[in-house]
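A.B. asks: Chain residues, written in single-letter form:
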Amino acid sequence: MAIVLALVLVVVGSIVFHMLSPWWWTPIASNWSYIDHTLVITFWITGVVFAAVVLFMAYCVYRFRHKEGAKAAYEPESKRLETWLTVVTAVGVAAMLAPGLYVWGQFVTVPKDATEVEVVAQQWQWNYRLPGEDGRLGKTDNRLVSFENPLGIDPDDPAGQDDVVLEAADLHLPIGKPVKMMLRSIDVLHDFYVPEFRAKMDMVPGMVTYFWFTPTKTGTFEVLCAELCGVGHGFMRGYVMIDTEENYPSWLEEQPTFAELSAPRQVGSAETVEPEGAGAQ
Amino acid sequence: MVDVTPQSDGTVPPAEVPDVELYHPRSWWTTYVFSQDAKVIAIQYSGTAIAIGLVALVLSWLMRLQLGFPGTFDFITPEAYYQFITMHGMIMVIYLLTALFLGGFGNYLIPLMVGARDMVFPYVNMLSYWIYLVAVLVLVVSFFAPGGPTGAGWTLYPPQAILGGTPGGQSWGIILMLVSLILFIIGFTMGGLNYVVTVLQGRARGMTLMRMPLTIWGIFTATVMALLAFPALFVACVMMLFDRVLGTSFFMPALVEMGEQLSYGGGSPILFQHLFWFFGHPEVYIVALPAFGIVSDLISTHARKNIFGYRMMVWAIVIIGALSFVVWAHHMYVSGMHPWFGFFFATTTLIIAVPTAIKVYNWVLTLWRGDIHLTLPMLFALAFIVTFVNGGLTGLFLGNVVVDVPLSDTMFVVAHFHMVMGVAPIMVIFGAIYHWYPKITGKMLNEAMGQFHFWITFLGAYAIFFPMHYVGLVGVPRRYPEIGEPAFMTAPVDNLNAFITIAALVVGFAQMVFLFNLFWSLRFGRDAGGNPWRATTLEWQTPTTPPPHGNWGDKLPVVYRWAYDYSVPGAPEDFIAQNDPRPQHSAAHPDPSAARPA
Ligand code: HEM
Ligand SMILES: [Cu+2]
Ligand SMILES: [Cu+2]
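Chains as they are written, first to last, in the working numbering: chain A, 5 to 285; chain B, 544 to 1141.
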């Protein structure tokens, strides 16, 4: 009998926990509220199924528990019932899949007017690159990465000269403009993840991956790495600031371009030599 | 070939193959150590799997201590944390669950349940175990190697797996891990071929395919899948080993590590992920299908009722097995593969939900109008259904590509797969041990200790993993030794994490009671007799218990009916053994297995 109680308790407890839980997803700050809606639909459908199955099971155990002299029914199969259940399940699954695929269709279709912004991950920091006045990002290659050229920008590509380079700094983006995040890594896998934006994607050395979104709230948002990238993984954090349209240009102006950075530096090389093991954590 | 259909009068045609002569061990060594008896091999496999599983359990405590009380335990550095999760995950999935279900239960149950004297290739079967043991030892050695075990995550994704920023990447850890996996796969292949051929060729007269217990269907299908899936992991391991040791670039593109250009170039990290998950997803079902099969038999036996919709259950197992080879990339929605694959893999993934749901319905409908004995195996079977349904449903979140985007790589995923492939199959393992221990030893396991073990394990495991979903919903990524209190969290998760940790410690200690029970009952347990559960399947009909080498004395059993003749109307008892030659059923209820010759 205790098991009947326990089964009911599991259902009731789960529902109560769900309703009272202060642990919930963070308020959204991007255009992907569709994702949240699909999540909520899925919660409802699955929640109802969970409660129904477990409660039905509890009822069966209560009603058909062993009693002296009782005998089970002999009932090998029932075509009708089995067909019926199959159809209902298929419909329920389709009800979740259809909105899911519809929204995925939007997720993978980048709007034409999206600005390209590059994120370059490395163990264990975030770098960014924004297109300069020409609106285009120059070519890159991991083979070109060096101390002076941390993002591996091709110096022979004129489109790259005016690119804005942010090394181990925070990214700013203007509100309300769709952005296509171009994701690169110069060492291992990483994953650019901002909980408020909902979207995330792995960064793979040798490839450029992407996702797009439109920021809908100004403020400071934490960036986390969501793909295991070595011992510093849990500490690989950064910030994205979403600025108002007025503030954004003044920030952008102050950022160095590739051409500025690669202009011959005044040497004080003793100080710029990186100490052994720098960069760890 | 002994696949014969009995005539309608219940007689069975004569055997086409004569009884086999077994290898006769001559010494203590060949009887108990280098044994070729599948039952001894089964116990060796199980003992080894449980022993290494305990290591994984202890690692889970350490991980939980770190997550529940970050900063309290100085020795759990990030390096150590990553080594713990990696070894914990790999041991649990491969060296415990796969080895226990196929090497342990497969070896013990296949020959007995199909009415064979032993596996068809006993010598290869023995080798299979010894190679598995070496694989486990190599894994253990990596704990003591310079640099410690690998901390690359159980998925071993390159490039980090073989680079210096990951524990063990540039020392012995990753090499030993890959060698151990390669050995495991070689050993498993030897055993697996045995299981498949024994099921196909070694069945007793009258044991048609559609009369086999679902346990055998589950183990058989899982083994076929494993034979097709493990080669993908095998080549991935060999290629990665070459990348690490010989400097090839199968998975390594041009990259810069800590400011230094490496000589790799041209390889594809995503190729590894495809190979890994082409193995890794079927692996989930390699663990799940034996559990599905076994739990069907536990429910049927202890509810004294035939499994509902047997044929549907068989087909569901086979269809799930086949479909699970075309869903692997649902683990890679955010891996950077071409996003259009998302449409295909989300669809196939959600289609699998249908046969899976049918299985759940049929288990529950078997309880309906049953005569439910709340024995320990039945209790664990019920716990399995609860946790499996819970974990299966959260799979619908993660399979539905766009919903997966915010949840992937968070603790939600960790909670999901623990529920569905950690807790649920382990419930079945416990149920199965309480169920078959009497056959293996001749003694019943102690009931009081069993009840204690059940209640703590079931409620405790649910208390660990149900709330963990919400840690993921908040946005905490997986594989983070500590999260702190970033601004995006709607509520801090430290109390919740501490609660989960305490639950995990309690559940862990309850397992010690179970282990103690295994030894205690061997000595002090009640005598079980040959068939304490009054079950129909052949293993309960052996002339002596525990069954000796060769299982059946001088006469092989002959099978007259399916495995589920419980509570047949008009029968004197509430079960009719499969080898019982009495006339079959009342006319109103034809034997569904006889309806179609297999
Ligand atoms: C008391 C039981 C268990 C506890 C408390 C536990 C706890 C944990 C924890 C805390 C993690 C790491 C989460 C993270 O930071 O990403 C983890 C990972 C994992 N666990 Fe368990 N676990 C248990 C049992 C199992 C079982 C039975 C399995 C078998 C399937 C399993 C398979 C895994 C896997 C595959 C990982 C992923 C490792 C990785 O991220 O590379 N665990 N577990
Ligand atoms: Cu990372
Ligand atoms: Cu999968």
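No lab work stands behind these hints, which were simulated from the structure alone.
Check before you lean on any hint, since a few could be wrong.
What the hints assert, rightly or not - Covered stretches of chain A, as calculated for chain B (at least 3 residues, CB under 8 Å):
1) 130-142
2) 207-221
3) 235-246
Glycine is no exception: its CB is placed at the ideal position from the N, C-alpha and C atoms.
A.B. asks: For every hint, state whether the structure bears it out.
C.D. replies: Each hint tested on the structure:
1. 130-142: With 0 residues in contact (Cβ-Cβ under 8 Å with chain B), the coverage given for the region 130-142 of chain A is violated.
2. 207-221: holds (count 6)
3. 235-246: holds (count 6)
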